[in-house]
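Novice: Once you've looked at the hints, dock chain B against the given chain A.
In case you want the letters, here they are:
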Amino acid sequence: MVKSYYFKDRAGKKMGINESLNEKLTALLGWSLQAIEAIDKLNRPFVVVGPPEFQAFADSNDINFVAWQFERLNEKSDELYQKLADLNTKLAVPIYEETVEWAGVLNARFQNDPRIFNRSLLLRDKGLMKRKAQMAGIKVGVFEEAYDKEDVYRFLKRVNEALIKLDGDVNDPIHVKPLNKAGTVGHRMIQDPKDIELMSADEFPCLMESHLDGQEFSCEAFIHNGKVRFLNITEYVQLGHSNFIPASPSLEEWRPKIREQIEKLVDSFEIKYGVIHPEYFISPDGSINFGEVAARVPGGHIFELIERAYGFSAFQAQILCSDPDTPEDVLEDFFPEEVTSAKGYAGSLMVYPRVHIIDRLNVPEELKEDPYFERHDMFIPVTSKVAERVGFGNHYGTIFFFGDDSGRMRELLKEYEDYDFYL
Amino acid sequence: MAAQITALTDKFTQALERLESAKPFAKSMYQTDVFQTSIELAGSKEGLQAIYEKAPLFDKAGVFNGGPWEDASKLQAPFVGGSFQVKGVNSIIELLSEMRMLSIAKGDYEHEKVSASEAKDFLNEVLALNLDLLFPPETEASRINTGEHIERAERLFQFLGEELSFNAIAAKIVSEIDRLTVQRPIMTSRIEKMINMANHMTQSNIEEESKQALLKYAKALAAVSPLSEKYNSLREYRLALKEASESEWAKEAEAFASSMNETGLVSPYHAIFIRFLNRANPDLIPAALELSETGTASFNANTSFIHDFIQLGIHPETRQSIYGLSRMLNRGVLTQDPIIPGIRRLFELDIHPKVKKALLKPEYEQGGITANGVLLAGIASVLGQPLGVGQGLNPTCQSARAISLWAQHGIGQLLDLLARAARDNDIDITFEGEVIHSSQIEGGVADEIHYELDSVSVVLVPHLDKVYNEMMKRTFLRGEDGHKWVNPEFYGEWIPRGFKNLIDPLTGAVVNYEAFVRLFYATHHPDYNEGYELIYPNPVGIYITNVHGKLLGLHAVSIQRIDKDPEGEYRIYFYNPNNDSGQNWGKGVEPSVRGNGELEGESSLPFAEFVSRMYAFHYNPYEQGDTYMVEDSIVEEVRKMAQESWGQDYTWLS
Chain A
1 MVKSYYFKDR AGKKMGINES LNEKLTALLG WSLQAIEAID KLNRPFVVVG PPEFQAFADS
61 NDINFVAWQF ERLNEKSDEL YQKLADLNTK LAVPIYEETV EWAGVLNARF QNDPRIFNRS
121 LLLRDKGLMK RKAQMAGIKV GVFEEAYDKE DVYRFLKRVN EALIKLDGDV NDPIHVKPLN
181 KAGTVGHRMI QDPKDIELMS ADEFPCLMES HLDGQEFSCE AFIHNGKVRF LNITEYVQLG
241 HSNFIPASPS LEEWRPKIRE QIEKLVDSFE IKYGVIHPEY FISPDGSINF GEVAARVPGG
301 HIFELIERAY GFSAFQAQIL CSDPDTPEDV LEDFFPEEVT SAKGYAGSLM VYPRVHIIDR
361 LNVPEELKED PYFERHDMFI PVTSKVAERV GFGNHYGTIF FFGDDSGRMR ELLKEYEDYD
421 FYL
Chain B
1001 MAAQITALTD KFTQALERLE SAKPFAKSMY QTDVFQTSIE LAGSKEGLQA IYEKAPLFDK
1061 AGVFNGGPWE DASKLQAPFV GGSFQVKGVN SIIELLSEMR MLSIAKGDYE HEKVSASEAK
1121 DFLNEVLALN LDLLFPPETE ASRINTGEHI ERAERLFQFL GEELSFNAIA AKIVSEIDRL
1181 TVQRPIMTSR IEKMINMANH MTQSNIEEES KQALLKYAKA LAAVSPLSEK YNSLREYRLA
1241 LKEASESEWA KEAEAFASSM NETGLVSPYH AIFIRFLNRA NPDLIPAALE LSETGTASFN
1301 ANTSFIHDFI QLGIHPETRQ SIYGLSRMLN RGVLTQDPII PGIRRLFELD IHPKVKKALL
1361 KPEYEQGGIT ANGVLLAGIA SVLGQPLGVG QGLNPTCQSA RAISLWAQHG IGQLLDLLAR
1421 AARDNDIDIT FEGEVIHSSQ IEGGVADEIH YELDSVSVVL VPHLDKVYNE MMKRTFLRGE
1481 DGHKWVNPEF YGEWIPRGFK NLIDPLTGAV VNYEAFVRLF YATHHPDYNE GYELIYPNPV
1541 GIYITNVHGK LLGLHAVSIQ RIDKDPEGEY RIYFYNPNND SGQNWGKGVE PSVRGNGELE
1601 GESSLPFAEF VSRMYAFHYN PYEQGDTYMV EDSIVEEVRK MAQESWGQDY TWLS
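Quick mapping for you: the protein sequence lines, in order, are chains A and B.
Here the first sequence is numbered in this note's numbering, starting from 1 and rising by one per residue.
Here the second sequence is numbered in this note's numbering, starting from 1001 and rising by one per residue.
So here's chain A without its partners, still in its complex pose (with noise of 0.2 Å):
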């Protein structure tokens, strides 16, 4: 408490300065040093709402913080409201999953409009998303809440029957996954009942869909009200491991299309500011089928490979486009064009320790001479024990590519997916 006490005190202080210069805050919710350079060089005066353990760091380092936890939710929550207010907030920007709603909130109340609020729920919960999805006419594969392992298997077995499989087939994998988690976090693939036996009591109520099959993909398109401006399609090599940008020419080829379900997708959830990271899966028959939508930075580095291949940062872009006041030649200036505008395929392979106490480090030499090979990140890490892996999350190190084919780029991602980097 005392903490916070301290903070209106220096927030107040900030305040008149602003004031002086009579230009209103950005809050970024969420601590990426990433986002703050981005939002730094666009010189936009910012506050950055985060949890407590970055406060020392934000002080020496003079960035105007606020002292927040996102997962406490209680009457306290309009403190941060007001806290923001008073420091001459004007729009809040989610940088993760848990804060998308904390911006929605905060953003209908800045603007004056609860519809906002409401918007951001349609993104947090997967079923309420389906669902909006399906009543809109977007194609999605079949979809149940569960509740407990019951409904899981009744699901399991009622999707199976509906494929007509026979006593001794092999089952048609269902996935489940949490209804307000980012990404891959806690995704199970489901194919015989004994894996429902896995699932524990705190993993419910969750989503269950049937298996799709087909060239997965994301986009992450860049609205500013309520219109496209810049769309990216990110190819999946190998979903949680691998993926690239701009997509291959053979997956740009259905951009058309893709373009037609994005606009689709923004008109019926209703998605005027920002950025959106839905992700698609196109079966053989050419039908894309929708996945699932998030508002906020996608994972994977992908924000890292587009500045690689089209030089713009990609938190800027967010962060102009979620602003309504941004003015219309900024952002025509801001955006290159697509895919013809990249200077090359820039991807990133994710990796994960297959052992389960880190020896050393194994970097073959002929990936480092590899033309492609631009960069990794992997040290041995300060405890050489494995944590759990929880869904795809927590990877220890990435390894990114640049060059300008897609066919060798995806070659290299998977030649190397498996590859034991960490002994």
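Among the clues, some could well be false.
A short, non-exhaustive set of chain B residues, derived as facing chain A with CB atoms under 8 Å [said to hold, decoys possible]:
no., residue
1, A1026
2, S1028
3, K1087
4, G1088
5, V1089
Here are the simulated lysine to any residue pairs, SDA-like style, with alpha carbons at most 25 Å apart [unchecked claim]:
no., chain 1, residue 1, chain 2, residue 2
6, A, K165, A, I196
7, B, K1023, A, E37
8, A, K368, B, R1155
9, A, K368, B, A1002
10, B, K1011, A, G403
11, B, K1011, A, T398
12, A, K181, A, E304
13, A, K343, B, A1022
Bear in mind the hints are in silico, worked out from the structure with no lab data behind them.
Just so it is clear, the structure is predicted and the values come from calculations on it, not from any experiment.
In this text, a Cβ means the ideal position worked out from N, Cα and C, and glycines have one as well.
Specialist: Relative to the frame of chain A, chain B by itself:
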């Protein structure tokens, strides 16, 4: 190769440039690339050269931003070795830090706080302290266990060795060995390791003075006498001794004794020689030990006892105890009635299996030495070098201090406790009327005891540590520092009952500092205490500070005596159980171990400087001068030194 280095250098340079253009808060995002490209470059000598060429830019770019290496003036050479031993990112940052230092040392980079000569000193010390990286062992076994990070460190040290003169490093090593040996520790393995490593340097082109010093030390550990030089194995030496003439024996005795007295180190041949004399010509033993008049008298009065003692306890593996034996005899302590029977009891004591296991290190077992022999060798060392007792790697300064105190003034008690612990694996000490048995207590100050200790400590420390801890526990709720009651009962009646601590136990703040200083002067400084002399060592509590005066923690030392140094200034001479008494405590406070009137094993500080690091002491209220006679200027001087060092971490109420 060259093309590859150029490509890597380009990547490294670009990474540095990106880092430099980042704002301070964002530096950490760009450091990774600098570290990664450095790792690649550090794989070859040419790459190291490329890193070196950019070293003057490191600080400006922010390579060390936000980490412990940030301020070059705050780095400490003794910590460098540790960073190179770990596999993670720290070992590469450490490498870059050495490169920055080298560029300061060579004048390629001007640092605002570190001068070229300071940087040179730093690097010389780093090299001197890490000789195993400078001269990597060439055995297969050590190769297998090293990793890429060690090879990289070795490559760096090779590079540094070529850039700096071996001369300066050799001189540094010699002064380091001098500094350690002059304190006459019982445990000499660390010194021996340094000497053996530095032996490599005697073949390179270094100054004659350093070379001679290193050769002297190397000889002291090996063939230091005329005959042993000729016969280079223990067995052949022993055979040669039998054939040698009496005058040759005399020469052997002289050579061994003078090397031992000069260095405090004992050659294994010396042990062979003493064992030989013990049978063939005991009369020459006093010469081989270079005994004083007292020592010789002590020897002559107890010939059969000493004969048995040598037979059981002195072997090539326990050779260091020869030094202890000579000092023990010179002290004349064997004339005290209970001592001889107390030691004789250990000759045939039934030693508890667990204690036996702790005592019998592999080399003792290989040499066929009994646990009783090991214990005897240990008692010779402790009684001969009471100030050479060390705590090793354990936080057991209290126990080490107790063993040292008893070896000086309570030998009977020490021998009793030793016999009790060795036989029963238990000791008991009475505290406020209640008997505390070590065997019935779980846990001491130390979670576990590292056994790189002298053999008396090996037996006693696990017990003493538990008893001490238990006593302190029983005083927890008294609202005063428990040492007040614990020390006199733990150490014994040598400790006066008066006690003063400068911390208020309720608030944890410094209170009444002026009274603390005045009282210490009035009870201990000869100018203010009515001339009472310190009779027994006084266990005091001090704040240990690092080379920058920053508080590291609490530590226990004993004031041995207070006397004028050769310059006529009053100094406090003290025993520090950490066996590295020459550590720099920062802000100009640097205990000395020689040259200021110190006896073997003592370190010393000018009176006021010592007081400025002290937080608790015992005193005799009946032997006290007048506190108001202590000049205000003295109190202020001490207070200033205290507040500028450990005092930074405390609240001062008055």
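Novice: It remains to establish, for every hint, whether it holds in the given structure.
Specialist: These are the hints, each one checked on the structure:
1. Evaluation of the A1026 (chain B) hint against chain A yields a held restraint, the C-beta minimum of about 4 Å falling below 8 Å.
2. At a threshold of 8 Å, the smallest CB-CB gap from S1028 (chain B) to chain A is about 7 Å, leaving the interface hint in force.
3. Contact between K1087 (chain B) and chain A, as hinted, is supported at the beta carbon level, the nearest pair being about 4 Å apart and thus within 8 Å.
4. A hinted interface residue such as G1088 (chain B) counts as satisfied when its beta carbon comes closer than 8 Å to some beta carbon of chain A; here the least separation is about 5 Å, so the hint holds.
5. Annotation: interface hint on V1089 (chain B) holds; nearest CB of chain A at approximately 4 Å, less than 8 Å.
6. The hinted pair formed by K165 (chain A) and I196 (chain A) meets the criterion: a straight-line CA distance of about 19 Å does not exceed 25 Å.
7. Straight-line distance between C-alpha atoms of K1023 (chain B) and E37 (chain A) comes to about 8 Å, which keeps the hinted pair within the 25 Å bound.
8. Between K368 (chain A) and R1155 (chain B), the direct Cα distance comes to roughly 22 Å. Compliance with the 25 Å bound is thereby established for this hinted pair.
9. Taking the CA atoms of K368 (chain A) and A1002 (chain B), the gap is near 16 Å; set against the 25 Å cutoff, the hint holds.
10. Distance hint between K1011 (chain B) and G403 (chain A) is fulfilled; the C-alpha atoms sit about 17 Å from each other, no more than 25 Å.
11. For the hint pairing K1011 (chain B) with T398 (chain A), the CA-to-CA distance comes to about 18 Å; that is within 25 Å, so the pair holds.
12. A threshold of 25 Å between alpha carbons decides the hint, and for K181 (chain A) with E304 (chain A) the separation of about 22 Å falls inside it, so the pair holds.
13. Annotation: proposed proximity of K343 (chain A) to A1022 (chain B) holds, straight-line Cα distance about 23 Å (limit 25 Å).
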